[in-house]
Every structure is written in C-alpha cells, then in structure tokens.
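> Each chain, letter by letter, is given below.
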Amino acid sequence: MRAYGIYILRRFGQFVLVVFIGINVAFLITHATPIDPVEQAIASATQFAYSEPQAVEILRQSLRELYGVEGTLWQQYVRFWTRLAVGDFGPSLSAFPAPVSALIGRALPWTIGLLTTSTLISWVLGNFLGGLAGYYRENRILKAIGIVATGLQPIPSYIMSLLVLIMFGFVWPILPISGGFQMNINTEFSFALVRSVVEHSILPVLSLVLITIGVWFIGMRSLVSNIVTEDYVLYAELAGVNRHRILTSYIMRNAMAPQLTGLTLSLGAIFNGAIITEFVFGYPGVGTLLVRAVGTGDYSLVLGITSVSIIAVATGVFIIDLVYPLIDPRVKLT
Amino acid sequence: MRKLQTLALALGVLTLGVQAYAAEEYLAGIPRNEILIAENPQGRVANPSWFNRWVPNHGGSSTGLQQLALDTLWYIDPDAGIDGVWENALASEPPIYNDDFTEMTVKLRDGIYWSDGVEFTSDDVVYTVQAQMEHPGMTWGSAFLGSVDSIEAPDKYTVVFKLKRPNSRFHATFTVRWGACWIIPKHVFEKAEDPSTFDFNPPISLGPYVLKSFDPNGEWYIWEKRDDWQRTTLARFGEPGPKYVAYIDPGPPDKRVILQQNHQLDIIHDTSPEGAISLVKSSPTSRGWFKGFPIAHPDPTLIAVLLNNQVDMFKDRDVRWALALLIDIKAVDMASYRGAATISAIGVPPTGLYPGYYFDPLQDWLKDFEIDTGKSTYKPYDPTVGQQIADMLRPSMGDQIPSDPNAIAAAFGYGWWKPNPQVATELLERAGYTKQGDQWMKPDGTPFSITILVEGDPRPVTTRAGTMIAQQWRDFGIDAKTQAYPTDFFPRVDSGDYEATIAWGVETWGGHPDLSYFLDSWHSEFLKPPGEIQPPRNRQRWKNAELDSVIEQIRSIGFDDPKGIDLGQQYIKLGVEEMPNIPLMSYNVFTVMDETYWTGYPSAEDDPYTDPVPNWSNSRYMMVKLKPTGATAQ
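Quick mapping for you: the protein sequence lines, in order, are chains H and B.
Quick note: the first sequence uses my numbering, first residue 1, plus one each step.
Quick note: the second sequence uses my numbering, first residue 1, plus one each step.
I should point out that these hints are in silico values taken from the structure, not numbers from a laboratory.
Don't take every hint at face value.
[Unchecked claim] One side of the interface only, derived from the structure: several residues of chain B facing chain H at Cβ under 7 Å:
no.: 1; residue: ASN33
no.: 2; residue: ALA46
no.: 3; residue: TYR113
no.: 4; residue: GLN130
no.: 5; residue: ASN201
no.: 6; residue: SER213
no.: 7; residue: ASN217
no.: 8; residue: GLU219
no.: 9; residue: PRO491
no.: 10; residue: LEU527
no.: 11; residue: PRO529
no.: 12; residue: GLY531
Virtual Cβ for every residue (Gly too), placed ideally from N, Cα, C.
When you get a sec, could you build the whole thing from the sequences and use the hints?
As structure tokens, this is what we get:
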C-alpha cells in the first residue's frame with residue numbers, strides 16, 4: 001500500500017508539472033499572435049461607420065487601459081498566474097467585459113454532452129461490432145460492417161458533417177441542422193426542451209460516430225483476432241464452454257483494457273471541442289468558441305479554453321495511472 | 001446472428017419512427033408567415049446577453065439591435081432611399097452649422113417614444129455624448145473628446161454642440177452608413193453604476209421592434225413589432241409588414257443555401273458567387289439585388305490593388321501605371337466573381353448614385369485621358385469593357401444578361417484600362433527598369449518582384465483576384481506571387497507591412513456624393529511611418545500635396561455644397577493621373593432573398609429603395625416595404 005501511495009504522489013507531481021508546462025506554452029503561443037485585440041476592437045468600431053482619424057488614437061489608448069493589455073510580457077504573465085490561482089481567466093477581449101470563465105462555462109456543457117454521447121456510442125458500438133467481427137470472422141454481415149466502418153473512418157470530419165447535413169437537412173429533411181435547440185423555445189426545463197435538444201444533437205452526434213466508430217472497430221477486431229488464438233480460448237472451446245461466454249468473459253474482457261485506456265484519453269480530449277462539427281452544425285460548444293477567439297485575437301479566451309483542455313487531458317491520464325495498477329496486476333509500481 | 005437481424009430490424013423501425021416523430025416546427029410559437037428570418041453575418045454571438053452597443057467588441061450588433069431597435073439623428077441610404085437618400089430620423093431637419101463650422105444645432109422630432117413609454121428628448125442626446133466623453137473607452141467617446149467642447153439642450157427638442165475646431169462633417173458621427181453613434185436612453189443608463197460595463201439587457205427600443213427572445217447561446221434573436229410602432233421614426237413610411245423578425249447565424253455558405261431552399265432563411269446576407277448562382281437557378285422564389293446576373297448587391301466600397309506607396313518601387317507613378325496596364329480586368333472579373341463583378345476604373349465604386357455623380361460626367365475626360373511615355377502617347381480607357389463582359393457572359397447566362405446599355409453599366413460597370421504591354425514596357429524603361437531575358441529587373445539590378453498579400457480562405461473573391469493579377473504580371477516577366485494571411489491580414493495591411501494587396505480603402509456613402517467619409521483620412525497629416533498602424537482607410541499610404549489641398553477644400557464647404565462634387569471629381573482625376581492604387585470593382589455582396597413568405601424586397605431594376613444586405617442598419621426600410629405573400633408553412 002505504501003508503494004501505491006508513493007506511486008500516486010509521483011504521478012501527481014508529474015500531473016502538476018505537465019499542467020504547468022502546458023499552460024505556460026499556451027501563454028507564450030497565444031501572446032505571440034500578431035492579432036491585436038485592441039486593433040480588432042478599433043476595426044470593428046471604425047470599419048463601417050464614420051470615424052475621425054484623430055479619435056482613433058485616443059480610442060486605442062483607452063482600450064489598452066480598459067482591456068488590461070498594457071505592460072511587458074512578464075507583467076502580463078504575472079497578472080495571468082495571479083488571476084488563475086483563484087480560478088479567474090480574466091475578461092474576454094472579444095466579448096468584453098464578459099468573463100472568460102462565463103463563456104467557457106456556457107459552451108462546455110454542450111461540448112461535453114455532444115462528445116461524451118458520440119464517444120460512448122462509437123466506443124460501445126465499435127467495440128461490440130469489432131469484437132463480434134474478430135470472433136465470427138466468416139460472417140458476411142460483420143465483414144460488410146467492417147468494410148463500411150473502415151471506409152468511413154478516413155473521411156475528414158468536414159466532409160462527413162456536410163454529407164450528413166445534406167442527406168438529412170436537404171435530401172430527406174427530417175432533422176434540424178443548426179443550433180442547440182428550437183428557435184424561440186421556452187428555455188425553462190421541460191420535456192419539449194429536452195426533446196428539442198436531443199433532436200438537434202442527432203446529426204452532429206451521427207457525423208462524429210460515423211467517423212470514429214471505425215477506430216474502435218478496427219482496434220477491437222485486431223485485439224480479438226489475436227486473443228482467439230490464445231491457448232486458454234482454445235481450451236475453453238474444446239471443453240465445450242458456451243461460445244457466448246467465451247466471447248464475453250474470455251475474449252472481450254481481456255481485449256477491453258487497452259480500449260478503456262483509449263476511451264479515457266478520448267473523454268479527456270472532449271474539452272477541446274469538435275471544432276469542425278460544431279462549426280458546420282452551429283452547435284454552441286467550445287469548438288465554435290475557440291474558432292471565434294482565434295480569429296479575433298482574444299488570447300484570454302484561447303488561453304482559458306486551452307488551459308481547461310490541458311487540465312482535462314492531464315487529469316484523464318492521471319486517473320488512468322491511478323486505476324491501472326488496481327485493474328491490471330501486471331503493472332508494477334516502480 | 002438472430003440478434004444481428006433483430007438489431008437491423010430495430011434500426012429500421014427507429015428510422016421510420018424518427019421520420020414520423022421529426023416534425024418539430026422550425027420556430028416555437030410563431031407562425032412562419034409572420035416572421036422574416038435574416039442572416040446575422042456576425043455568426044454566433046459570444047456574449048449574447050450584452051446589448052450595450054456603445055462599447056467596442058460588445059455583443060452582437062447585427063442581431064437586429066441596430067437595424068430594428070436603435071435609432072439616431074440621420075440616415076443616408078447607400079442606394080436611392082425610401083424617400084430620397086437623406087432621412088431626418090430623430091432629427092427633424094438637417095444639421096444647422098454656424099458659418100465657421102464650430103457649432104452645430106440639431107432640431108429633434110417630438111412624439112418619439114422609447115419602448116418603455118418614456119419620451120425621447122434632447123436629454124438623451126446630451127447624455128449620449130457626455131457619458132461617452134466621461135468613458136473614452138466607449139465606442140464614440142474618443143470622437144467626442146476630440147471634437148466636442150460643450151453640448152447643451154436649450155429645450156426638449158433642441159441640442160447645440162460647440163466644437164473644439166471647425167468641423168463641417170461633425171454630423172457624420174450621427175449619420176447612419178451601415179451604423180453610426182446611436183442614441184442612449186438616459187433614463188435607463190443613468191441608473192447603471194458604470195455605463196461602459198452595463199449590459200443593457202433587456203434593451204429598451206427606440207425603433208419599431210422590441211426584443212422578444214434570444215438564444216442564450218447567441219445563435220438567434222427574435223424581435224416583435226411594437227404595439228406603439230407609430231411612435232417611432234420609421235412609422236412615417238408606413239407600418240412594418242413582418243410581425244416578427246429573426247436574425248440568425250445560419251452557419252457556413254453551403255448551409256445558408258440549404259436553409260433558403262428549405263424556406264427557413266428569407267435573407268442570406270452573403271454567400272459565394274457559385275452558391276448564389278446555383279440558388280437563383282434552382283429555387284424559383286430566390287432572387288438577388290439584380291433579378292438576373294450578376295445577382296449581387298454592389299456595396300458602396302471599392303476593391304483595388306493597393307500599392308504601398310511607402311515601398312520604394314511603388315513611389316514612381318510610371319511603375320504604378322505600368323502595372324495597371326498589365327491587368328486584364330475581364331480575366332480578373334471571371335476569376336474573382338465568376339463574371340459577377342461591377343468594375344470601376346476610378347477611385348469610387350460604381351454603386352448607389354455615384355454613376356450619376358462621378359461616372360457619367362467623367363466618361364469624356366476618361367476617353368481623352370492620355371499617357372505620355374516619352375516614346376509614345378496612349379489613350380488607355382476603353383469605355384466598352386462593361387459591355388464586353390456582358391457579351392462574354394450572354395452565351396452561358398442567356399436572358400439573365402441585360403441588353404440595355406444603362407442596365408449593363410449598372411450591373412457590370414463602365415469601362416476599364418486596355419491592357420498594353422508595350423506601353424507598360426516604355427513606362428518601366430523610363431523608370432529605369434530593364435528586362436534581362438524573361439525577367440524584369442529594378443533600377444538597382446535586383447529582380448522586380450512583387451508579393452501580393454491576400455486574405456486566403458476568409459475572402460476567396462479577393463484572393464482569386466490577387467492570384468489572377470499575379471499570374472498576369474508574371475506573364476510579363478515580373479516575379480509576382482500571392483501570399484495568404486488568413487488571420488492577420490488587416491493588421492499587416494494597416495501597419496503598412498506589405499508591398500501590394502487586394503483590399504479596400506475607399507468606402508463611400510453611396511447615396512450622397514460627399515467623399516469625406518473616406519477621403520478625409522487620406523490627408524497626409526494622418527500618414528504614419530512604415531510599420532506603424534495609422535487611422536483606417538489610406539491603406540496605400542499615398543501622400544500628395546494636391547490631394548491634401550482637395551481634402552482641405554472639402555473640409556471648408558458644407559456637406560451638401562455642390563462644389564463637393566467638383567472636388568470629388570478632382571480627386572478622381574488626380575487618382576487616374578497618379579494611380580496610387582489600381583481600382584478594380586465594387587465589393588459585391590451576394591445577398592439572396594426568398595419570396596416564399598415575403599414580397600417587396602428592394603431590387604436594382606424595380607425599386608432600389610435601400611440596401612438589402614441585412615446587417616446594414618439602412619435595411620430597416622425593408623420592414624415597411626415587405627408584405628406577406630399569404631403562403632403558409634410548407
């Protein structure tokens with residue numbers, strides 16, 4: 001038990017180090033952007049309406065003070081960590097003065113819902129069908145599913161999203177193609193709202209599932225194909241153990257460990273958002289927010305989203321590290 | 001296996017179930033034929049519940065907020081206007097200046113009310129100015145700090161501005177061209193602790209609509225006609241037709257087309273030329289500003305090849321003119337807009353009322369304009385280029401191409417410069433350039449190379465124009481290439497960090513001939529050294545004493561003084577002689593309108609009463625012209 005405690009402490013130290021380095025790199029990259037949020041604000045204020053040239057300089061100085069982007073990079077760095085220590089990412093520069101945390105907090109549930117659902121569906125379906133395909137290697141339906149799944153997997157997400165959108169939004173227009181829920185719906189919790197949210201998520205989820213299911217399918221099929229040749233499986237078959245039991249208890253259970261690792265990493269990465277899919281379907285998640293933040297030079301927001309993502313992925317890995325020794329006795333606590 | 005078959009059967013049943021179930025109305029609680037749905041080109045609004053329009057980088061402005069709920073003193077329409085181009089909106093008459101333009105008096109309308117029942121008065125105007133002066137980070141605070149000495153309200157309907165220096169165009173800050181300084185409701189904002197951090201949610205309206213609901217995720221905003229719409233300035237033109245108006249983020253161009261084909265988006269703000277052409281061809285109810293080709297609405301904005309006049313090789317007029325004479329505008333038109341451009345050879349766009357003010361009167365001068373290379377003389381202007389483009393497109397577009405010369409000029413533009421490599425050669429040689437083999441060399445012996453900055457994916461039209469022009473210059477022996485900067489294009493251009501680019505530096509009122517809107521900032525007093533960001537619009541960084549004189553003369557006369565047109569023509573002639581940038585075409589916006597539920601949209605041919613581009617505040621005029629067709633939801 002003592003060894004496990006030391007192991008946890010060591011892994012936690014690595015976790016803290018990874019988060020610290022990751023956020024610092026993100027800080028440097030975002031602050032190296034040539035896009036100046038103050039100039040973006042001036043452009044939006046002057047591009048389409050009359051503006052006196054003399055006034056622009058006064059506006060520039062006022063906005064620098066207002067946005068808090070004055071000072072050296074070091075001063076900004078210190079300010080950033082001082083705020084972050086209390087969980088504050090500061091104000092968004094493209095939606096000033098809204099706090100970055102509020103913007104992320106609004107978008108994150110949509111992304112988590114979308115990607116958790118699609119990841120779990122594709123994981124369960126991909127592993128289930130992949131396991132069957134690895135075990136029943138001569139089954140024609142499973143072969144066909146394998147061909148389709150592996151054929152869909154390399155399709156870029158933008159193309160897949162557009163295909164799904166055109167199919168179910170235009171050719172056979174049965175599902176909504178934009179937004180998180182119906183326009184003008186009462187946003188208080190109700191069955192109608194839940195139904196609307198579910199309906200609006202079907203196409204984005206479908207397009208994500210179609211391109212990710214192949215990954216799990218291929219992985220599981222390969223794992224199962226190897227395991228079925230193991231001696232213990234052969235003995236079980238010779239001993240007349242029920243085939244269903246062999247598949248579930250002898251084969252898939254053993255093949256599941258690496259797939260669970262993959263699932264945890266995928267769930268950690270959902271905080272990045274599904275940028276393309278969210279953009280195509282107008283889904284109000286983090287991906288859409290990130291695209292806008294990059295385009296407007298809103299480094300506060302980019303940094304906020306990136307930091308949340310770094311922490312989420314690092315936490316996912318940390319959890320795997322903690323759990324793995326408990327579920328797999330082959331892992332040694334060195 | 002039986003389980004798999006059961007699974008397949010279940011999927012089939014599920015599919016049928018989805019079809020039967022998926023009958024959710026597009027909108028909850030609003031009949032489709034009572035609502036106009038327009039695109040908000042700002043996309044998803046990051047800060048949806050923020051309606052304080054007086055703070056830069058605020059929430060959405062094209063969400064209907066500035067089109068339907070805010071109002072200000074005057075409007076200038078970029079097209080013909082609903083009752084002429086000039087509208088006295090909250091003001092009852094045009095601005096009244098004293099002789100030396102140091103004082104401006106505004107007479108206000110009475111009987112105009114905010115949507116909460118409070119009357120609009122001069123106190124609101126005074127508060128609008130003073131609050132922003134006290135908070136210079138607010139959008140127009142800096143403009144007022146630099147110009148306004150004091151502001152007074154002698155009575156409920158009069159405001160007097162005393163200015164720090166003569167300014168004959170001070171009223172422009174309160175005059176809508178897309179947007180302007182909107183009037184703040186004093187009785188609401190004065191209760192806020194800090195007007196620059198007040199979210200103004202829900203917004204109180206001075207326009208004929210009031211906010212009904214909005215997406216907390218920023219995708220859509222729905223506005224409802226006020227019961228007391230008669231107590232707003234738009235009521236003078238009639239009752240708004242749509243009971244509701246929605247502004248939505250429809251997503252990428254392909255999706256906009258799909259939504260309109262499904263009759264779920266009445267007005268597309270802009271899409272690709274290919275998307276618009278396909279939509280108009282395939283959907284009988286969809287139409288553009290022009291009923292036929294080129295479909296798009298030409299914005300009062302001019303796209304040009306901007307040559308950075310602070311770069312050594314472009315300091316010589318001969319070089320600039322040589323580059324102009326190497327461009328085949330017809331090929332550029334086809335490459336950029338697929339033939340749907342409205343070309344311009346001069347430094348204003350051929351849109352709105354500018355053909356009458358500037359294009360028609362200057363045709364003879366342009367035809368006579370001559371270039372002397374020292375070896376030969378050449379008259380470069382070809383007045384038939386617009387006609388040639390129409391003829392070129394007619395075999396493929398048929399009846400969509402007009403045959404009337406005036407209609408052709410309105411749709412495709414007037415003339416342009418005839419390409420002439422020989423004259424270009426003579427001009428370059430006079431400038432000290434030499435050709436060695438296939439490559440032109442600069443006077444210092446280095447290769448004559450030009451990098452054209454383009455935006456890339458965010459603006460394919462100008463990117464394709466740049467690519468075609470680079471190709472034409474390369475064919476002549478100039479080492480020209482394009483370089484795309486999708487994310488930081490404007491910061492580079494505005495700081496002068498480029499050689500040549502395809503962009504705009506000319507934005508006009510469209511309906512009013514005064515050019516100070518953009519030209520005032522071209523005065524050399526605002527020119528910054530290379531590398532420093534300068535005030536918007538003189539992006540080519542051109543400095544010219546004669547131009548300064550023209551600008552100073554414009555400043556010294558009134559906004560409506562007929563001399564302004566003469567001075568504008570002087571600027572255009574100077575631009576032709578000096579060629580500081582190479583004008584190409586107006587910025588055409590592919591706005592497409594669906595007539596399934598609403599009719600009465602503006603059109604170039606029948607009733608050009610306003611700009612249909614829905615993020616322009618001027619598009620509010622559409623509300624009183626639109627009538628329901630009687631169609632019910634399909």
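> Under 7 Å is the threshold here; is the Cβ of ASN33(B) close enough to any Cβ of chain H for the hint to stand?
violated (15 Å)
> Taking the closest Cβ pair, is GLN130(B) under 7 Å from chain H?
violated (16 Å)
> Minimum Cβ distance from ASN217(B) to chain H below 7 Å?
holds (3 Å)
> Taking the least C-beta to C-beta distance, is ALA46(B) closer than 7 Å to chain H?
holds (4 Å)
> Should the interface hint for TYR113(B) be scored as holding, given a Cβ-Cβ cut-off of 7 Å against chain H?
Violated, about 25 Å.
> Interface hint check: GLU219(B), Cβ to nearest Cβ on chain H, cutoff 7 Å. Holds or violated?
holds (5 Å)
> Taking the closest Cβ pair, is LEU527(B) under 7 Å from chain H?
Since the shortest Cβ distance to chain H is 10 Å, the answer is violated.
> Under 7 Å is the threshold here; is the Cβ of SER213(B) close enough to any Cβ of chain H for the hint to stand?
holds (5 Å)
> Double-check GLY531(B) for me: the hint is only fine if its C-beta lies closer than 7 Å to a C-beta in chain H.
For GLY531(B), the interface hint is violated, since the closest Cβ of chain H sits about 13 Å away, which is over 7 Å.
> Should the interface hint for PRO529(B) be scored as holding, given a Cβ-Cβ cut-off of 7 Å against chain H?
Given a least distance of 15 Å, the restraint on PRO529(B) is violated.
> Go through the hint on PRO491(B) and say holds or violated, using the shortest Cβ distance to chain H against 7 Å.
holds (6 Å)
> Can we keep the ASN201(B) interface hint, with Cβ of chain H closer than 7 Å?
With a closest approach of 12 Å, the ASN201(B) hint is violated.
Of the numbered hints stated above, those contradicted by the structure are hints 1, 3, 4, 5, 10, 11, 12, listed in ascending order.
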